[in-house]
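Each protein sequence line maps, in turn, to chains A, B, C, D, E and F.
According to UniProt numbering, the first sequence is numbered sequentially starting from 1.
According to UniProt numbering, the second sequence is numbered sequentially starting from 1.
According to UniProt numbering, the third sequence is numbered sequentially starting from 1.
According to UniProt numbering, the fourth sequence is numbered sequentially starting from 1.
According to UniProt numbering, the fifth sequence is numbered sequentially starting from 1.
According to UniProt numbering, the sixth sequence is numbered sequentially starting from 1.
Hints are computed from structural coordinates only; laboratory data are not their basis.
As the structure is a computational prediction, the values presented were derived from the model and not from experiment.
Fair warning: there could be bad hints in the mix.
No copy is singled out in the list; a pair is fine if it fits within one copy or between any two copies.
[Unchecked claim] No more than 20 Å apart at the CA atoms, straight line, and that leaves these computed lysine-lysine pairs for PhoX-like:
| # | residue 1 | residue 2 |
| --- | --- | --- |
| 1 | LYS83 | LYS144 |
| 2 | LYS232 | LYS37 |
| 3 | LYS238 | LYS280 |
| 4 | LYS48 | LYS2 |
| 5 | LYS48 | LYS31 |
| 6 | LYS37 | LYS141 |
| 7 | LYS2 | LYS141 |
There are 6 protein chains.
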Amino acid sequence: MKYINELREGENIIEHYLCKSRQSMKSRNGKTYLSLKLQDKTGIVDAKVWELNNDIQSFQENDFIKVDAFVTTFNNDLQLNVKRIRRSREGEYDPADYIPSTEKNIEEMYQQLMAYIKTIKSPYIKKMLEEIFLRHPVISKEFKYHSAAKAMHHSYRGGLVEHTLSVTQLCEFLAPRYRFVDRDILIASAMLHDVGKVMELSDFPVNDYTDDGQLLGHLMIGAELIADTAAKIEGFPKRLETLLKHCMISHHGEFEYGSPKLPSTIEAFLLHCADNLDAKTNMIEDMLAADHTPGHWVGYHRMLQRNLCRSDYE
Amino acid sequence: MKYINELREGENIIEHYLCKSRQSMKSRNGKTYLSLKLQDKTGIVDAKVWELNNDIQSFQENDFIKVDAFVTTFNNDLQLNVKRIRRSREGEYDPADYIPSTEKNIEEMYQQLMAYIKTIKSPYIKKMLEEIFLRHPVISKEFKYHSAAKAMHHSYRGGLVEHTLSVTQLCEFLAPRYRFVDRDILIASAMLHDVGKVMELSDFPVNDYTDDGQLLGHLMIGAELIADTAAKIEGFPKRLETLLKHCMISHHGEFEYGSPKLPSTIEAFLLHCADNLDAKTNMIEDMLAADHTPGHWVGYHRMLQRNLCRSDYE
Amino acid sequence: MKYINELREGENIIEHYLCKSRQSMKSRNGKTYLSLKLQDKTGIVDAKVWELNNDIQSFQENDFIKVDAFVTTFNNDLQLNVKRIRRSREGEYDPADYIPSTEKNIEEMYQQLMAYIKTIKSPYIKKMLEEIFLRHPVISKEFKYHSAAKAMHHSYRGGLVEHTLSVTQLCEFLAPRYRFVDRDILIASAMLHDVGKVMELSDFPVNDYTDDGQLLGHLMIGAELIADTAAKIEGFPKRLETLLKHCMISHHGEFEYGSPKLPSTIEAFLLHCADNLDAKTNMIEDMLAADHTPGHWVGYHRMLQRNLCRSDYE
Amino acid sequence: MKYINELREGENIIEHYLCKSRQSMKSRNGKTYLSLKLQDKTGIVDAKVWELNNDIQSFQENDFIKVDAFVTTFNNDLQLNVKRIRRSREGEYDPADYIPSTEKNIEEMYQQLMAYIKTIKSPYIKKMLEEIFLRHPVISKEFKYHSAAKAMHHSYRGGLVEHTLSVTQLCEFLAPRYRFVDRDILIASAMLHDVGKVMELSDFPVNDYTDDGQLLGHLMIGAELIADTAAKIEGFPKRLETLLKHCMISHHGEFEYGSPKLPSTIEAFLLHCADNLDAKTNMIEDMLAADHTPGHWVGYHRMLQRNLCRSDYE
Amino acid sequence: MKYINELREGENIIEHYLCKSRQSMKSRNGKTYLSLKLQDKTGIVDAKVWELNNDIQSFQENDFIKVDAFVTTFNNDLQLNVKRIRRSREGEYDPADYIPSTEKNIEEMYQQLMAYIKTIKSPYIKKMLEEIFLRHPVISKEFKYHSAAKAMHHSYRGGLVEHTLSVTQLCEFLAPRYRFVDRDILIASAMLHDVGKVMELSDFPVNDYTDDGQLLGHLMIGAELIADTAAKIEGFPKRLETLLKHCMISHHGEFEYGSPKLPSTIEAFLLHCADNLDAKTNMIEDMLAADHTPGHWVGYHRMLQRNLCRSDYE
Amino acid sequence: MKYINELREGENIIEHYLCKSRQSMKSRNGKTYLSLKLQDKTGIVDAKVWELNNDIQSFQENDFIKVDAFVTTFNNDLQLNVKRIRRSREGEYDPADYIPSTEKNIEEMYQQLMAYIKTIKSPYIKKMLEEIFLRHPVISKEFKYHSAAKAMHHSYRGGLVEHTLSVTQLCEFLAPRYRFVDRDILIASAMLHDVGKVMELSDFPVNDYTDDGQLLGHLMIGAELIADTAAKIEGFPKRLETLLKHCMISHHGEFEYGSPKLPSTIEAFLLHCADNLDAKTNMIEDMLAADHTPGHWVGYHRMLQRNLCRSDYE
């Protein structure tokens with residue numbers, strides 16, 4: 001397959017892409033044309049269909065399409081001048097090619113993460129993790145392949161399990177290093193901390209906030225999940241439920257990032273640090289990986305509000 | 001009864017008070033004495049028991065006690081020199097005298113508030129309000145007499161119903177004045193907005209934050225209550241549940257005041273305005289009412305971060 | 001009349017519009033053309049005049065013009081390709097069609113607002129209101145039809161009286177509900193709070209900040225108006241003047257919104273709440289009314305810094 | 001005279017002081033005594049009158065009194081044990097000894113400041129300065145000896161003229177150094193910038209905020225003074241009045257310091273810089289002057305939120 | 001020479017400019033063209049080379065080029081349609097025409113600044129200034145012609161010496177006006193405060209941040225320079241070195257502007273005020289000077305976050 | 001030895017303590033007495049010497065003293081009524097008993113930390129670490145036993161090595177987990193990040209900020225140390241020096257915590273996270289360890305601005 005990040009000006013290509021958006025437009029001289037945005041897992045490219053015929057009725061947004069096109073440049077960006085276009089047929093393309101995905105082995109990461117459940121000593125917490133990860137109708141199916149964000153960090157297929165595993169491993173490293181830490185609570189909170197994102201964000205290829213996501217957020221959704229699950233487990237200690245919900249709702253660490261409470265227990269604080277470290281370092285990695293310009297500086301990171309710089313020397 | 005705000009230097013009194021705190025101390029010359037804080041609904045006064053005998057074994061903190069004492073002054077504050085002291089017996093005192101209470105008729109306010117339930121058109125919302133206010137094991141009993149805060153505003157018996165009624169009436173006034181407002185959602189959210197305080201704050205005479213209160217807060221507790229109640233009502237629309245929970249968790253209006261989401265619907269925004277207006281104006285009223293010094297200025301309000309001034313003129 | 005929000009691609013129209021801006025430009029191939037912005041009360045549209053002849057000398061910015069044009073699309077926005085254009089003649093158009101205006105009855109709202117003057121008990125305050133609203137050379141004429149803002153809220157003809165009436169009615173509702181409130185001061189301050197906008201903002205069709213508006217602001221202008229009017233009323237109590245000026249200058253409620261003092265009296269605080277509630281809720285209404293896209297979410301509100309959402313369910 | 005900052009433990013003194021506060025108190029053993037705060041221009045000291053007789057009826061707060069007392073120590077602070085006390089008689093004391101005062105020559109500074117009026121070229125501005133400084137019934141009398149603040153900076157007799165002169169001299173230095181500066185506006189604004197403090201702060205010995213001071217502030221009072229004075233001067237250009245008022249209300253430079261507008265003209269900006277520099281540097285000088293402890297560090301300055309340090313070396 | 005700010009639509013020009021950027025682009029119809037940005041000391045203009053021939057191989061970015069072009073307009077901006085282009089030859093142009101430069105006499109300002117060295121009484125400080133300004137291999141050569149910023153203030157050739165002189169003169173004015181000021185420290189700190197910019201910013205024509213500039217900043221670079229220089233001067237008092245470094249690192253005055261310490265000495269505070277005043281006033285001057293639109297208002301200043309206004313009246 | 005945290009009311013003790021402060025005071029009845037603060041590694045206690053004799057001439061602040069005293073209570077705190085007192089003689093006490101100290105093995109931690117030097121691959125960085133830790137005249141001697149802060153975290157003997165080791169271990173864990181990380185830079189920066197505290201804070205028993213500490217801070221001191229050491233190592237790459245200094249000055253992570261630059265490299269960011277996590281978690285541990293009150297809540301943490309809570313349940 002010819003990926004979008006491999007296209008070069010002047011080429012003719014015949015390839016399948018995902019059509020993310022489609023608009024009718026009129027040029028200055030009154031001619032109607034189609035403006036599309038095509039996507040695969042390596043990027044996005046604009047395409048223009050200047051000659052409209054019946055084929056353009058065959059597809060809609062979020063369909064896969066087949067294009068025969070010439071690669072040109074407009075305002076410094078590549079653009080496809082489409083000669084022929086039609087909807088792709090099932091089997092002509094592999095969906096995995098069109099969705100950005102972690103480079104790590106999802107299955108392996110998922111097994112590593114699930115293996116932590118067996119290390120939990122509290123029967124109540126262990127039961128809760130099993131209920132949520134193994135038996136919850138949505139989470140047991142979707143957690144493994146979900147992304148961890150729309151655009152910030154780990155915003156690709158498998159990003160949620162990658163981030164969750166990383167935070168959990170970091171918490172395991174930290175648990176024995178500080179006094180007063182309840183390892184069960186810390187590990188369970190790490191595993192659960194972003195589980196609400198399965199409901200907050202719809203899955204690929206849409207990968208956008210759901211209504212519940214925007215109106216409530218994954219902290220609230222996660223806390224409710226803990227409450228509902230605890231209610232199903234006989235004898236689940238009320239205070240333990242509260243401690244787990246506290247870790248959940250406080251893990252953003254600051255009011256302005258949407259935590260209604262600041263971390264007040266040592267587990268809640270460590271979880272916040274681990275989550276923050278992994279999420280932001282992933283952003284830095286992504287920006288360093290994406291940059292191919294000469295020079296040490298790789299540009300301004302809007303979320304982190306600073307320019308980022310490579311550390312090579314000599 | 002001789003209320004604490006009626007005590008005058010030089011008097012001898014024999015009266016029953018609530019003992020809020022009790023500490024053994026030693027004076028400079030090595031003598032042990034008891035230092036107490038006594039409370040009734042009008043205020044708090046220090047008391048010292050210089051001569052200790054067996055009677056002091058008869059009571060503990062949060063007991064009612066009977067004192068025979070002389071009213072003196074120390075560092076500008078009144079102080080009781082206790083001559084005799086013992087635990088009060090049931091029937092010797094009326095608990096209502098010892099707990100600060102709204103000056104309005106609690107029963108009447110409660111009836112007015114409950115009457116709003118009948119005005120709700122949505123059968124789902126009406127059912128939810130009935131479940132919570134009339135059938136919830138704790139709320140149906142404790143809501144009526146609860147305070148709305150530990151120290152900020154409406155921090156007295158009946159304060160919760162007083163504040164809730166005021167916010168609901170204000171929302172009723174506002175509902176028809178703006179377009180796009182769903183009156184049912186607004187009124188129900190107003191009635192429910194602080195219901196979580198019944199669990200967040202323990203009741204008088206303790207009136208302090210519970211563990212859940214500090215670790216989760218009444219917004220989270222309230223949202224969970226909505227979720228649990230909706231789960232019990234057949235066919236309760238999922239999105240309606242989300243909209244009500246959004247009003248609940250966003251009603252503090254700002255991240256820094258513990259709302260994990262800003263008000264995004266018109267009802268959520270109006271509820272926030274009404275709540276904020278009533279709570280803060282009650283603080284101003286309290287400070288104006290408490291001040292008896294000459295001059296227009298009544299002092300610095302720590303929460304509002306400003307000096308407050310009476311508006312009399314001429 | 002064919003309003004701008006009724007134009008559809010592909011139509012030919014002959015209509016009068018207000019010309020808000022006019023610029024000569026040169027296309028890539030060196031040809032000069034005219035670029036115009038045309039406005040009526042429903043919106044704004046770009047227009048291009050490709051063939052220039054003597055008619056284009058007949059009009060200037062802020063003139064009404066008559067166009068014969070074809071409706072096309074450029075970059076997703078409608079655009080008029082103008083074939084013929086000339087200045088409109090008096091009588092060919094109704095100015096009211098070109099200025100955004102409240103949908104409510106201005107005359108009726110104005111009468112309702114003025115009726116409050118009679119309810120004031122203090123002869124001094126009543127006199128001040130009469131002086132300002134009925135006898136001030138500018139305000140008595142312009143207040144009724146003025147807008148309340150350039151772009152924020154109530155930014156249309158009659159918006160000032162609509163907002164002022166709404167704030168005054170809300171204050172009337174609030175006045176008897178809290179202790180220590182001087183109703184005269186509260187109602188008068190509500191009526192006067194934005195009166196300085198008559199001088200801060202020039203009238204339609206320009207509707208932009210005046211020099212005084214930008215250098216001093218309507219709070220200062222309003223306070224000076226109170227001072228000047230009080231000076232004309234014999235025996236006007238000095239402290240009453242101060243209290244009214246305090247309500248005026250503190251009604252934005254926060255330093256960062258340009259209030260040099262925070263509300264320190266209960267009337268000043270209530271006025272601030274009522275103003276804030278009405279202004280911001282109007283912004284939300286406007287955004288909900290303007291949106292016609294599918295889905296609950298209506299977009300990001302820059303001033304309120306959040307996404308807004310409709311509350312429909314089922 | 002024996003000044004308060006010269007008192008030493010163990011001395012007996014007979015001296016006149018200003019009685020700033022007076023309270024009756026009762027000691028633990030039930031004895032009533034008087035607690036006073038005595039002041040002269042060098043400081044404040046506590047005094048206790050243990051033996052009460054008729055003499056204590058002879059004086060009130062803000063009276064001058066004569067004491068015969070023994071200097072002792074309590075909690076590290078000096079304290080006067082008063083043996084005899086009575087009200088001072090006119091002529092027994094010189095008021096100037098009891099009010100903190102600038103160390104510079106007030107008369108000379110005042111003449112220097114007034115001399116600037118003659119350097120103004122605009123007849124309108126010159127007239128305004130004459131009206132305010134030479135003919136205003138209150139300012140012409142009180143400006144010269146007033147303090148510039150209650151506690152912050154230049155909070156002593158003559159402090160207002162000292163600060164105003166310093167700011168004006170700095171502005172004179174700056175005026176020719178930057179392009180586009182209207183010297184008349186800058187000098188006049190410097191002279192006038194704190195003139196409203198004459199009304200905002202009552203004079204010594206009280207030196208506290210007036211009602212107008214707290215409800216309006218000296219920026220508003222000053223702007224109103226400019227407006228009233230301009231109204232009296234025939235032909236005073238309206239825009240010049242606006243520019244002067246803009247300098248006045250924006251000279252605190254930030255919203256949070258009570259300026260409703262940020263400096264938008266070059267004169268307003270320079271005035272703000274000069275005022276800020278002189279006021280804060282005066283605070284630093286005061287703290288350096290007051291410190292007599294060994295070591296370079298002189299303590300934490302609450303307003304400036306930092307520790308201050310002397311620059312001596314070697 | 002025909003400067004860029006003198007170009008008018010419709011002219012043919014033959015002139016030399018500095019080529020700041022150069023990109024190959026392809027038009028919609030597939031034709032390749034060159035897009036250039038040309039600069040002289042008065043501004044920047046876009047240029048397009050539609051007909052490509054061998055001459056375009058003759059130059060690169062940051063070369064001087066000679067163009068024969070027609071001045072046209074695109075999207076309201078001037079644009080050069082280049083007919084012929086080639087690299088300029090040495091001697092055909094004067095580099096001084098292409099770099100924005102102070103309007104004042106650089107040599108004279110530099111002499112004035114250096115003359116301050118002789119006024120320093122401390123032999124150690126005088127030695128340090130001589131070492132840095134007269135003998136440092138880079139600073140002694142580059143300081144005189146350097147700019148003081150990339151874009152903010154004094155961002156032109158000679159801007160560094162202009163700003164440094166102005167701050168030093170202001171400090172000299174201030175030194176005798178406040179008590180406790182060590183003039184030597186204040187003058188030396190003023191002279192040195194931005195010396196690190198010689199290393200932080202590369203020189204014209206590039207005038208961009210160096211790596212060290214971005215990773216360390218001119219405060220750190222300056223402090224290190226003081227340390228290194230003090231190490232070379234025998235007997236340099238350790239505490240004096242600390243005091244000078246403190247002035248250096250605190251001169252931005254606020255943490256958020258990159259000062260790791262707030263000014264704690266009176267010299268550090270005065271230096272900060274003088275630097276802030278001169279830098280910001282220069283920004284205001286620049287904006288007033290650049291504006292040629294009618295009306296008093298000259299636009300919104302992003303750094304100062306406000307609209308700026310001329311003070312003309314009548 | 002009888003440690004201060006083992007004292008009980010009513011006991012007579014004869015023991016050696018460190019005298020941290022000493023003041024002469026006078027009681028109300030005019031009698032002079034000595035007020036002392038005595039310290040050992042477990043805490044601080046007040047002591048009063050009512051009967052003064054020649055022995056009190058024998059000691060000063062920061063001397064060790066021997067007291068014969070009776071343990072009493074004043075305002076809820078223990079207090080020593082001293083009967084006899086004299087300066088301790090060398091050998092009568094073990095200094096280690098009087099200085100709060102880490103509970104871990106300092107020697108072992110120090111060896112573990114130094115062992116990291118051998119793992120560094122870059123010869124330049126390895127050389128720098130050897131120069132600083134093994135050969136620097138002050139650091140090689142004092143680093144091992146120094147505290148990491150005056151009061152915040154790890155504010156005890158050995159605290160610096162404990163904190164540094166913990167941060168370094170965390171960085172070692174993180175280094176291989178993220179892409180683009182230069183392990184040498186990260187480990188070296190972790191080892192060096194607080195080394196400037198050896199100069200910023202004087203050693204026990206004083207443990208207070210030095211002048212350099214307050215005027216420059218340990219970030220600046222540390223950066224200068226890197227610069228000086230690099231200058232001594234032939235061929236030390238200039239950019240490597242800059243990268244190490246950037247990690248040093250940015251490790252506080254925010255401007256408001258005194259970092260003049262935000263972390264811009266991935267090593268700088270990871271170091272900041274690790275430092276922040278370890279420092280704050282240590283504060284939480286300390287507060288949990290110090291609390292012996294019943295109930296889950298252990299009080300308000302001023303630095304972290306929140307109440308802290310134990311996680312025990314059931």
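Of the numbered hints stated previously, which ones are contradicted by the structure, given in increasing order?
Hints 1, 2, 3, 6 and 7 not satisfied by this model.
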